[in-house]
Amino acid sequence: GAVVSQHPSWVICKSGTSVKIECRSLDFQATTMFWYRQFPKQSLMLMATSNEGSKATYEQGVEKDKFLINHASLTLSTLTVTSAHPEDSSFYICSALLAQETQYFGPGTRLLVL
Amino acid sequence: KNEVEQSPQNLTAQEGEFITINCSYSVGISALHWLQQHPGGGIVSLFMLSSGKKKHGRLIATINIQEKHSSLHITASHPRDSAVYICAAETSGSRLTFGEGTQLTVNP
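Chains as they are written, first to last, in this note's numbering: chain W, 1 to 114; chain R, 1 to 108.
Please note that a few of the clues may not be correct.
Said to hold, decoys possible - Each pair of labels, with its calculated beta carbon distance range:
#	chain 1	residue 1	chain 2	residue 2	range
1	W	A72	R	K53	37 to 45 Å
2	R	I65	W	K14	44 to 52 Å
3	R	S50	W	P86	38 to 46 Å
4	W	D27	R	T91	23 to 31 Å
To be verified - Taking lysine-lysine pairs in the DSSO-like style, the calculated list, with each CA pair at most 30 Å apart, reads:
#	chain 1	residue 1	chain 2	residue 2
5	W	K41	R	K54
6	R	K68	R	K53
7	R	K68	W	K41
8	W	K41	R	K55
Bear in mind the hints are in silico, worked out from the structure with no lab data behind them. Note that CB positions come from ideal geometry on N, CA and C, so glycine has one too.
With the hints as constraints, model all of the structure from the sequences given.
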């Protein structure tokens, strides 16, 4: 089946630093990828839709200047959490859309901001 | 009221029992997804439904479009089925809106 990887799987950083998370579709091309966030004991929430070669579409309440998304190739999207704060600590998951139909999820990245 | 609601929130079963998890949604959808999330956080897509019923191994998913309701059934449950099961409504642009999940624990 289709495989999506994320890197890193864990990151701990100091408040005020920026953190970049990569999402790669390993064996297929994805013009569309999605970024989700999940706080403990809560459901997944869609943050943004990442489109290759164009600007990401952000969900209401998600700051585009804080969560920078770049989808520069058909197999890679990156999410950069700028000036991270403790409230940004969360589990970030990406998914990649295969053939504009089926979403395959990455394993997730746990971010802890101290 | 959430757009996607699941019940129950928690479910404990004995190995071998038949399990049902329910999902109701209030939005217009292009498809309904059932996902499985393991303790480490990884998510596996189980089913994508737009009508009727699908079966994969011991898992069965059904959807009633008129009633905006879907169910996930697990037959002959096993401890390895223990996970969080999430339903998600797919709307325009393949966007997913998730239910809060059902924590399933199957005891040996």
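Results of checking the hints against the structure:
1. W:A72 to R:K53: 37 to 45 Å: holds, 41 Å
2. R:I65 to W:K14: 44 to 52 Å: Hint holds: Cβ distance 50 Å, inside 44 to 52 Å.
3. R:S50 to W:P86: 38 to 46 Å: holds, 41 Å
4. W:D27 to R:T91: 23 to 31 Å: holds, 27 Å
5. W:K41 to R:K54: holds, 29 Å
6. R:K68 to R:K53: OK: R:K68 and R:K53 at ~14 Å, within 30 Å.
7. R:K68 to W:K41: holds, 25 Å
8. W:K41 to R:K55: holds, 29 Å
When each numbered hint is compared with the structure, no violation occurs for any of them.
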